[in-house]
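Asks: Going down the list, the sequences are from chains A and B.
Each residue of the first sequence is one higher than the one before, starting from 5 at the first, in my numbering.
Each residue of the second sequence is one higher than the one before, starting from 5 at the first, in my numbering.
Hints in this document: simulated from the structure, not taken from any laboratory.
Any given hint could turn out to be false.
Remember, identical chains collapse to one label, so a pair may be satisfied in a single copy or spanning two.
[To be verified] Here are the computed lysine-lysine pairs in the DSSO-like style, where the Cα-Cα straight-line distance is at most 30 Å: (1) 33 <-> 110; (2) 89 <-> 77; (3) 126 <-> 112; (4) 100 <-> 110; (5) 100 <-> 89; (6) 33 <-> 118; (7) 56 <-> 99; (8) 56 <-> 112; (9) 110 <-> 56; (10) 89 <-> 33; (11) 89 <-> 75; (12) 27 <-> 89; (13) 56 <-> 75; (14) 89 <-> 78; (15) 126 <-> 100; (16) 78 <-> 126; (17) 78 <-> 27; (18) 24 <-> 89; (19) 110 <-> 89.
There are 2 protein chains.
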Amino acid sequence: MIGKLNHIAIATPNLDEAIKTYKDILGVKISTPLDQLDHGVKVVFIELPNTKIELLEPLGENSPLENFLEKNKKGGIHHICFEVKEINSAILSLKKDGATILGDGKAKIGAHGKPVIFLHPKDFNGTLIELEEV
Amino acid sequence: MIGKLNHIAIATPNLDEAIKTYKDILGVKISTPLDQLDHGVKVVFIELPNTKIELLEPLGENSPLENFLEKNKKGGIHHICFEVKEINSAILSLKKDGATILGDGKAKIGAHGKPVIFLHPKDFNGTLIELEEV
Numbered sequence: 005m006i007g008k009l010n011h012i013a014i015a016t017p018n019l020d021e022a023i024k025t026y027k028d029i030l031g032v033k034i035s036t037p038l039d040q041l042d043h044g045v046k047v048v049f050i051e052l053p054n055t056k057i058e059l060l061e062p063l064g065e066n067s068p069l070e071n072f073l074e075k076n077k078k079g080g081i082h083h084i085c086f087e088v089k090e091i092n093s094a095i096l097s098l099k100k101d102g103a104t105i106l107g108d109g110k111a112k113i114g115a116h117g118k119p120v121i122f123l124h125p126k127d128f129n130g131t132l133i134e135l136e137e138v
Numbered sequence: 005m006i007g008k009l010n011h012i013a014i015a016t017p018n019l020d021e022a023i024k025t026y027k028d029i030l031g032v033k034i035s036t037p038l039d040q041l042d043h044g045v046k047v048v049f050i051e052l053p054n055t056k057i058e059l060l061e062p063l064g065e066n067s068p069l070e071n072f073l074e075k076n077k078k079g080g081i082h083h084i085c086f087e088v089k090e091i092n093s094a095i096l097s098l099k100k101d102g103a104t105i106l107g108d109g110k111a112k113i114g115a116h117g118k119p120v121i122f123l124h125p126k127d128f129n130g131t132l133i134e135l136e137e138v
């Protein structure tokens, strides 16, 4: 069902410091920070030769990162995102297999403007997984 | 400094269940399990079109996964691995920048038979990072 790894999302309480780490120490190019108020995050993108990393800081009230950063004060890997061809057939297949889709179980438009769902970590070895239709 | 994402390593207390999840629910092909006693893990590889996922279960005594699985009972993302061209020049650059290299600070032969180092999560947004020379 899944195709490419689209991105790894790393949550941080301090985006400026995380940018410095990745730029100055790991030597990567980083996009301009972008406020995604609808998604409760401020984000920068790091293009690696084969995939992307997203560094995320909470933005606004009720950011989806808040609980995570309470448990992981220094930040950490928040989720990984795999690509799928058709999100609605992925949803049908996942429901058949008993996997828990977060929210109302329907695809939403994600941070890249494409339909996404999130899968509950309890069904996937403690890993929060995003599926994005590409 | 860093190039491709080489792999995402996901730790699990139960490799058989994790294999089932990825094979039956997410529909990927999975390698035969491999005991890597030197590294304290039993591992399977999942080849995605652009990178790899490794599912790891502790093996033997003093597995490097034990502390992680005590804190994360259901498992989770243990580390991510980026490729570098020359591990020794990476080490020099990282030390200059004040990053903490785990162990004795020297490259070891990793699970793929290539020189690797691990970077302390405190310097990298709570993320355990492996660098592998390719």
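Asks: Each hint should be assessed against the structure and marked as holding or not.
Replies: Outcome of the hint check:
1. Proximity of residue 33 and residue 110 under a CA criterion of 30 Å is satisfied inter-copy only: 27 Å between copies versus 35 Å inside one chain copy.
2. When the C-alpha separation of residue 89 and residue 77 is checked against a cutoff of 30 Å, the pair qualifies neither within a copy, at 35 Å, nor between copies, at 32 Å.
3. Taking the shortest alpha-carbon separations for residue 126 and residue 112, only the intra-copy value of 21 Å comes in at or below 30 Å, while the best inter-copy value is 34 Å.
4. Within a single copy, residue 100 and residue 110 get their C-alpha atoms as close as 14 Å, which meets the 30 Å cut-off; across copies the closest is 49 Å, which misses it.
5. Taking CA atoms no more than 30 Å apart as the test, residue 100 paired with residue 89 passes inside one copy only; the shortest distance there is 18 Å, against 44 Å between copies.
6. When the C-alpha separation of residue 33 and residue 118 is checked against a cutoff of 30 Å, the pair qualifies both within a copy, at 24 Å, and between copies, at 26 Å.
7. With identical chains, the CA atoms of residue 56 and residue 99 are at most 30 Å apart both within one copy (28 Å) and between copies (26 Å).
8. In the homo-oligomer, the alpha carbons of residue 56 and residue 112 lie at most 30 Å apart both inside one protomer (21 Å) and across protomers (27 Å), since each shortest distance falls under that limit.
9. Taking the shortest Cα distances, residue 110 and residue 56 sit within 30 Å of each other both inside one copy (25 Å) and across copies (28 Å).
10. Proximity of residue 89 to residue 33 under the C-alpha cut-off of 30 Å is found in both arrangements, the shortest distances being 29 Å within a copy and 17 Å between copies.
11. Taking identical chains as interchangeable, the C-alpha atoms of residue 89 and residue 75 are never at most 30 Å apart, the minima being 34 Å within one chain and 35 Å between chains.
12. Taking the shortest alpha-carbon separations for residue 27 and residue 89, only the inter-copy value of 17 Å comes in at or below 30 Å, while the best intra-copy value is 33 Å.
13. For the identical chains of this complex, residue 56 and residue 75 are neighbours both inside a copy (25 Å) and across copies (28 Å), given an alpha-carbon limit of 30 Å.
14. For the homomeric pair residue 89 and residue 78, the shortest alpha-carbon distance between copies (29 Å) is at most 30 Å, but the shortest distance inside one copy (35 Å) is not.
15. Proximity of residue 126 and residue 100 under a CA criterion of 30 Å is satisfied intra-copy only: 17 Å inside one chain copy versus 41 Å between copies.
16. Proximity of residue 78 and residue 126 under a CA criterion of 30 Å is satisfied in both settings, with 23 Å inside one chain copy and 7 Å between copies.
17. In this assembly of identical chains, the alpha carbons of residue 78 and residue 27 lie at most 30 Å apart only when taken from the same copy (18 Å versus 33 Å across copies).
18. Taking the shortest Cα distances, residue 24 and residue 89 sit within 30 Å of each other only across copies (22 Å), while inside one copy they are farther apart (35 Å).
19. Taking the shortest alpha-carbon separations for residue 110 and residue 89, only the intra-copy value of 16 Å comes in at or below 30 Å, while the best inter-copy value is 43 Å.
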